[in-house]
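Note that UniProt numbering has the sequence shown beginning at 1, numbered continuously upward.
A hint or two may mislead.
[Said to hold, decoys possible] Within a straight-line C-alpha distance of at most 20 Å, the following computed SDA-like cross-link-like pairs (lysine to any residue) qualify:
id, residue 1, residue 2
1, K96, E61
2, K121, Q23
3, K89, Y124
4, K89, L75
5, K92, E61
[Unchecked claim] Quick list of simulated restraints, FRET-style, between CB atoms:
id, residue 1, residue 2, range
6, N147, D39, 14 to 24 Å
7, L127, A56, 32 to 42 Å
8, G123, A56, 39 to 49 Å
9, W87, T26, 14 to 24 Å
10, T125, A80, 14 to 24 Å
FYI, nobody ran anything at the bench for these hints, they're computed from the structure.
From a predicted model like this one, the values you see are computed outputs, not experimental measurements.
Each residue gets a CB set at the ideal place from its N, CA and C atoms; glycine is no exception.
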Amino acid sequence: MSKLGQVSSKDNIRSSDEAEKKQLGTDLPSSEEELFLLDPYPLLDIDAGLANLGDASILHELLNIMTKQELPTELSEIQAAYTELDWDKIEKLAHKMKSGALYCGTIRLKLACQYLERYRKAGYTKLLNELYFQLIRVANETKQSINNWISTNLESPN
Numbered sequence: 001m002s003k004l005g006q007v008s009s010k011d012n013i014r015s016s017d018e019a020e021k022k023q024l025g026t027d028l029p030s031s032e033e034e035l036f037l038l039d040p041y042p043l044l045d046i047d048a049g050l051a052n053l054g055d056a057s058i059l060h061e062l063l064n065i066m067t068k069q070e071l072p073t074e075l076s077e078i079q080a081a082y083t084e085l086d087w088d089k090i091e092k093l094a095h096k097m098k099s100g101a102l103y104c105g106t107i108r109l110k111l112a113c114q115y116l117e118r119y120r121k122a123g124y125t126k127l128l129n130e131l132y133f134q135l136i137r138v139a140n141e142t143k144q145s146i147n148n149w150i151s152t153n154l155e156s157p158n
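Whenever a hint applies, use it, and build me the whole structure from the sequences.
Right, dumping it as structure tokens:
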């Protein structure tokens with residue numbers, strides 16, 4: 001019976017650990033602290049972008065559009081929504097921004113968007129301001145990283 005008790009105890013511990021890991025919700029890290037540990041992720045992963053898009057010239061063109069049109073527009077819209085504290089709109093804009101980030105290899109931006117969006121969808125509010133400011137910071141850093149890459153790859157690869 002002691003072996004059965006040990007198996008049950010281990011199962012209970014495992015279930016408890018799994019519950020803690022899934023505590024925040026779908027597509028969120030296991031703790032609130034991890035929501036803000038994005039530095040290990042690349043701002044721009046060209047290999048991931050190429051894997052998603054399959055063509056260097058398409059990636060170059062999309063990154064150019066992202067920095068010149070998409071990010072400035074989306075940042076302006078999300079900042080206006082924040083001024084009004086319109087979290088529904090902020091969540092939708094973060095989702096839209098994430099969709100663009102998915103394909104181009106902008107990993108850190110994808111995560112910043114995903115964490116804000118999913119955190120709110122899960123019903124949390126405590127860290128929304130911090131997640132919003134993280135998203136703005138990461139979007140600006142991503143834009144700079146893309147611009148740096150474009151400037152070293154001036155011509156669209158053929």
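Comparing the hints with the structure gives:
no.: 1; hint: K96 / E61; result: 19 Å, holds
no.: 2; hint: K121 / Q23; result: 14 Å, holds
no.: 3; hint: K89 / Y124; result: 16 Å, holds
no.: 4; hint: K89 / L75; result: 12 Å, holds
no.: 5; hint: K92 / E61; result: 25 Å, violated
no.: 6; hint: N147 / D39: 14 to 24 Å; result: 20 Å, holds
no.: 7; hint: L127 / A56: 32 to 42 Å; result: 38 Å, holds
no.: 8; hint: G123 / A56: 39 to 49 Å; result: 42 Å, holds
no.: 9; hint: W87 / T26: 14 to 24 Å; result: 18 Å, holds
no.: 10; hint: T125 / A80: 14 to 24 Å; result: 20 Å, holds
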